Structures are given as C-alpha cells and as structure tokens.
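Undergrad: Construct the complete structure from the given sequences, taking the supplied hints into account.
Here is how the chains run, residue by residue.
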Amino acid sequence: MSAETTQSARPKPKGILKQLSAPPTTKQPASPPPRASSSTSLTRAELLAQQEAAARLRLLEKLRQTELKPPIPLETFELLSQLPRAPCPPHDASNPSPADASLVLTSLRDFQPSEYLDLIEERNCLGKCGYALCPRPRRTHEGGFKISTRSGNIARTTDLNKWCSDACALRALYLKVQLDNPTYERISSGGSGAPGGRLVVKLELREEKGDGSRKSRTSAVAAAVPRGSQEDRDQLAQAMAKLEIDKHTQARKDASALAGERGDPGGSVAGLSRVDVTIKESAVDGPVEPPSNLAKGAEYMVEGYRPKANKARGGKQPEEGAESDGEDDEFFTVRL
Amino acid sequence: MEEESSASMHLKEVTRLWRAWRTIHEMAQDRGYELAEEEVKISLDRFRAEYTNDDGSPNRAKMQFSARPSEAMIKKFTPPPTPSNPDPAPECGTIWVEFCPDKSSIGISVMKKFVEHCAQNNFKAGILVTASALSAQARKVMTVTSQFTLIECFLEEDLLVNITHHELVPKHILLSREEKAALLKRYRLKETQLPRILSKDPIARYLGLKKGQVVKIIRTSETAGRYASYRLCV
Numbered sequence: 001m002s003a004e005t006t007q008s009a010r011p012k013p014k015g016i017l018k019q020l021s022a023p024p025t026t027k028q029p030a031s032p033p034p035r036a037s038s039s040t041s042l043t044r045a046e047l048l049a050q051q052e053a054a055a056r057l058r059l060l061e062k063l064r065q066t067e068l069k070p071p072i073p074l075e076t077f078e079l080l081s082q083l084p085r086a087p088c089p090p091h092d093a094s095n096p097s098p099a100d101a102s103l104v105l106t107s108l109r110d111f112q113p114s115e116y117l118d119l120i121e122e123r124n125c126l127g128k129c130g131y132a133l134c135p136r137p138r139r140t141h142e143g144g145f146k147i148s149t150r151s152g153n154i155a156r157t158t159d160l161n162k163w164c165s166d167a168c169a170l171r172a173l174y175l176k177v178q179l180d181n182p183t184y185e186r187i188s189s190g191g192s193g194a195p196g197g198r199l200v201v202k203l204e205l206r207e208e209k210g211d212g213s214r215k216s217r218t219s220a221v222a223a224a225v226p227r228g229s230q231e232d233r234d235q236l237a238q239a240m241a242k243l244e245i246d247k248h249t250q251a252r253k254d255a256s257a258l259a260g261e262r263g264d265p266g267g268s269v270a271g272l273s274r275v276d277v278t279i280k281e282s283a284v285d286g287p288v289e290p291p292s293n294l295a296k297g298a299e300y301m302v303e304g305y306r307p308k309a310n311k312a313r314g315g316k317q318p319e320e321g322a323e324s325d326g327e328d329d330e331f332f333t334v335r336l
Numbered sequence: 001m002e003e004e005s006s007a008s009m010h011l012k013e014v015t016r017l018w019r020a021w022r023t024i025h026e027m028a029q030d031r032g033y034e035l036a037e038e039e040v041k042i043s044l045d046r047f048r049a050e051y052t053n054d055d056g057s058p059n060r061a062k063m064q065f066s067a068r069p070s071e072a073m074i075k076k077f078t079p080p081p082t083p084s085n086p087d088p089a090p091e092c093g094t095i096w097v098e099f100c101p102d103k104s105s106i107g108i109s110v111m112k113k114f115v116e117h118c119a120q121n122n123f124k125a126g127i128l129v130t131a132s133a134l135s136a137q138a139r140k141v142m143t144v145t146s147q148f149t150l151i152e153c154f155l156e157e158d159l160l161v162n163i164t165h166h167e168l169v170p171k172h173i174l175l176s177r178e179e180k181a182a183l184l185k186r187y188r189l190k191e192t193q194l195p196r197i198l199s200k201d202p203i204a205r206y207l208g209l210k211k212g213q214v215v216k217i218i219r220t221s222e223t224a225g226r227y228a229s230y231r232l233c234v
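Keeping their order, the protein sequence lines are chains X and B. Positions 1 to 336 (our numbering) are the ones given, in order, by the first sequence. Positions 1 to 234 (our numbering) are the ones given, in order, by the second sequence.
What the hints contain is simulated information worked out from the structure, not anything from laboratory work. This structure is a prediction, so every number in the text was calculated from the model and none was measured.
Distance condition first, Cα-Cα at most 25 Å in a straight line; then the derived PhoX-like pairs of lysine-lysine:
no. : chain 1 : residue 1 : chain 2 : residue 2
1   : B       : Lys-190   : B       : Lys-180
2   : B       : Lys-103   : X       : Lys-146
3   : B       : Lys-140   : X       : Lys-176
4   : B       : Lys-185   : B       : Lys-76
5   : B       : Lys-140   : X       : Lys-69
6   : B       : Lys-62    : B       : Lys-124
7   : B       : Lys-62    : B       : Lys-41
8   : B       : Lys-180   : B       : Lys-124
9   : B       : Lys-180   : B       : Lys-76
TA: Written out as structure tokens, the structure reads:
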C-alpha cells in the first residue's frame with residue numbers, strides 16, 4: 001500500500017512510465033502531455049527498428065564471413081597451369097610480361113591457400129615449375145632426400161622438385177604467404193553496383209633483387225593497372241604529387257625550426273627566441289684550499305658525508321651499539 | 001650390365017601390369033560385364049607377347065578394352081516399369097577400361113581427355129588405371145562428370161591382388177532395386193536402418209557401388225553355417 005502511494009506520489013521518468021502503461025490504463029496521470037508520450041513511443045519504435053536493422057546487418061556480416069567461397073573453376077586452373085603465354089627470351093620468371101603478371105594476380109586473389117597448392121601440383125603434373133610465371137621445367141632430382149652441399153641442409157626431393165630453382169620457390173611461396181595471411185583491399189566491381197566494391201586479397205609479386213627496384217616497381221604498377229578506373233588513378237596520382245609537395249614544405253619548416261632552436265642566423269625565428277646570456281666570473285681572493293678534514297664530527301662521516309639518520313642521536317650511538325649488539329631491528333645504525 | 005638391369009626392371013613392371021590387368025578383368029566380370037574366359041585368365045607369356053614393346057618395356061597405350069553388360073546385369077540394373085514409363089532403359093552400359101600411359105601424376109588435362117573419350121563413344125562407365133596418384137583437381141574433374149558417365153580411377157598397385165579372393169573377404173552381392181525394396185519390406189526397415197558400407201570401401205570400389213545401393217554379404221558362420229547380412233552404401 002505504502003509502495004503504491006510512493007509510486008504515485010513520486011514524479012516518474014518517462015521511460016519507466018511507458019513500460020508500466022504498456023497495457024492502456026486509465027489512471028495514467030495527465031501531467032505528461034499526450035504529444036510527449038506519442039513522441040516517446042515513436043522513438044521507442046524507431047529504436048526497436050534501428051536495433052533490428054543493426055542485428056540484421058550483423059547477421060549478414062557474419063554470414064558473409066562464414067560462407068564458403070565458391071571453388072575456383074577448372075578453367076582457371078587450366079589457364080594458370082598453361083602460363084606463361086609470353087615468349088621466353090624477353091620474359092622469364094624474374095621479369096614476367098605485364099599481361100601475364102596481372103592475369104595471375106587477378107585470378108589468384110580468389111584462391112584459397114589449398115587451391116594455390118593444387119595449382120602448383122597441377123603445374124607439376126605438366127612438368128612445369130610450380131611458379132605460375134615461370135616457363136622453365138621443374139627439377140627432377142631422384143631419391144628421397146637431397147643434401148645441399150653449400151649450407152648442409154637436407155630437403156625432401158618432393159619439395160625440391162616442385163620448382164625449377166630456389167628463386168622460383170621463393171617467388172611462389174611469397175604469393176602463398178599473402179594468401180595465408182590475407183590483407184584485403186576493395187576493388188570497384190563492374191556490375192554489382194555496390195558502392196564499396198568487392199573485398200579481395202591484396203597480392204603482389206616478389207620484388208626482384210637483381211636489377212634494382214625499378215623493374216619490380218614497373219611490374220607492380222602494371223599489375224595494378226586493371227584494378228582501378230581512370231579517375232581513381234588520377235586521384236591517386238594527384239594525392240601522391242601533393243604528398244611530395246607536402247614533404248618538401250614540411251622539410252623546410254623543420255629546418256627553420258631547428259635553426260631557430262640553435263640560434264642560427266638563417267632561421268626565421270632566430271631573433272625571437274634568443275636570450276642574452278652574459279657570463280660573470282666571480283673574483284678569486286686567495287689560493288685554493290682543499291676542504292679541511294678536521295671539521296667537527298668528521299669521524300662519523302662516510303666518505304665525506306654524514307648520514308642523516310644518526311645525526312639526531314649522534315651522541316649516544318656508540319654506547320647503544322655496545323649494549324644492544326644483538327638487536328636486529330636497528331637497521332639504521334651505521335657502525336664505524 | 002645396365003641393359004640387364006633395365007631388362008629385369010621391365011620384366012618386373014610387366015609382371016605387375018599383368019596382375020593388374022587380370023584383376024581389372026575379374027572386376028569387370030564380377031560386376032556383370034561379358035568377357036571371354038581366355039581374356040580374363042590370360043597367361044603371362046601371352047600378355048608379354050601382346051602388350052610389350054620390342055625392348056621388353058610395357059606398352060600401356062595398348063592396354064585398353066571395352067565390355068558390354070551381360071543379360072543378367074541389364075536385368076539387375078533396369079528399374080521396374082511404371083505406368084508412365086512402361087519400358088525403362090537399363091542404367092548400365094558399355095564399360096571402357098584404359099591404362100594411363102603417363103607414368104607421372106595425372107593432371108586435369110589427362111583426366112579431361114579420358115572423360116571426353118568416354119562421352120564421345122557413349123560409354124556408360126569408364127575406369128582409368130594409373131601408375132601414380134591423381135592430382136586434387138583431376139579428382140574434381142572425375143566427380144563433376146560422374147553424373148553422365150561413371151568415371152572410376154584405380155592405382156596399379158591397388159590392383160596387384162584381387163581382394164575378393166582373400167579368404168577373409170566374404171562374398172558381396174549387389175541387390176537390384178526390387179530386391180532392395182523386398183528386403184526393406186520384409187524386415188519393415190527404412191533405408192537408414194540398415195548397416196552401412198562406405199562407398200570408398202575397397203570392396204565397394206571393386207563392385208562400383210553407388211550411394212543407396214544395397215549389398216548382401218554372405219559369410220560362413222560357425223554356428224549358423226552361412227549368414228547373410230545387408231549393407232547400404234553411403
């Protein structure tokens with residue numbers, strides 16, 4: 001009874017009121033105007049709708065993450081196992097033709113790591129090196145194991161026979177690592193109309209050591225060509241140019257700030273931050289003497305320093321030490 | 001010296017192939033295909049005369065045959081007539097068996113060629129005997145096309161011995177549809193209540209069992225003399 005009266009007496013917050021009056025009741029107080037109540041119900045409905053939409057989005061996201069990717073069609077395998085199409089003399093594994101490289105990168109980004117292994121196996125069945133851009137035949141070592149005479153390592157010949165050389169193995173496994181630990185990028189998809197485009201695995205070829213970064217960079221650029229539209233590339237070029245300019249201005253600013261700090265005359269803030277420093281020598285009267293050891297209480301000093309804990313009871317310290325020799329709790333005593 | 005060793009190696013290989021050749025013929029016969037007795041029980045000397053090159057190496061490209069289903073097999077594989085389909089076609093047809101000439105592992109291209117050959121010549125089933133394992137994608141080609149023609153693959157080393165001749169392997173008999181329906185009715189069972197056998201079981205592979213087929217397994221029993229059990233292929 002008392003609880004009811006307190007409830008009716010107390011001014012209630014709207015939300016609780018709303019919950020209580022979910023079945024329409026007549027004893028609702030007239031104090032909250034009907035407009036306000038309708039607005040709260042509207043917001044509640046909106047809130048529910050929002051929550052529902054968010055839940056649906058989360059569900060879709062989860063489904064998208066957990067769904068199985070469709071398997072790679074056999075035609076792709078056949079195509080990739082017949083690569084490279086470019087003639088061998090100008091192009092080889094270290095210098096693939098841009099068309100082939102872009103084809104490999106675009107088709108490999110839908111691959112699962114296991115499917116990439118299948119591709120290597122498929123190329124080996126045809127007697128080719130497992131690296132998709134290598135025109136050479138694979139090695140044919142015999143026996144179970146092979147010992148490297150240089151490093152002394154032992155390797156399975158089945159592993160060695162997948163490639164034509166160690167360099168190709170590195171190149172192929174470089175791609176495999178990127179498939180194993182994918183970094184995603186968004187590409188503008190052609191017909192789907194989705195604003196963000198499709199998320200795909202970002203892939204790039206291994207940079208070649210031999211002839212500098214120039215060639216690999218060109219190949220990377222060539223590989224990147226089919227990924228974006230012309231506008232995107234223009235935007236990117238502009239942004240890059242701006243970045244260059246920004247870098248120059250930033251370098252200039254830094255240099256001037258540093259000069260100002262140093263007080264160099266070249267700095268723009270050279271005059272502002274300087275402080276006049278005058279050095280005054282104090283006059284010397286007599287000859288320099290070492291500090292005398294004969295000061296009072298010098299016998300209690302430890303290397304010229306008098307311990308402060310003992311200073312208060314400096315007088316009686318010796319007797320106390322003699323009396324309570326076995327006391328362990330006197331940590332602060334320093335006995336000389 | 002080297003010639004001798006290569007000759008003995010060839011001899012070994014030819015013997016192995018002869019055993020696989022005999023087993024695959026027995027397999028076809030056990031499945032119900034019509035094969036002449038002298039074809040199945042070919043002697044090693046005749047095999048060597050027919051299927052080797054001049055230098056004694058085996059000629060795998062020549063090792064291929066086709067076989068037609070026997071009357072009994074056609075009867076077994078024909079579904080019961082229904083009012084809408086009074087004269088149903090049998091579900092079995094000519095089988096094509098081929099030994100793969102490549103000794104390296106089998107890729108997509110080899111498999112596709114085999115499948116195409118089977119489809120062009122209207123073979124209902126095809127068996128490819130290979131010296132080494134299939135690649136993963138070639139296996140996929142095999143399963144994808146298995147709706148039109150039943151493609152099977154065996155390794156040569158799996159066929160060296162006919163497993164059904166082993167004393168511990170009981171006799172397996174494939175049941176026709178009517179027999180299966182009668183069995184289920186007789187014991188008031190649903191299909192899933194039968195004991196099961198995997199389709200990758202060696203015997204199931206030997207008989208070419210498909211999902212949903214039932215085999216009758218007759219084994220000798222100390223107490224009952226003969227004991228029959230039934231297994232559903234899954």
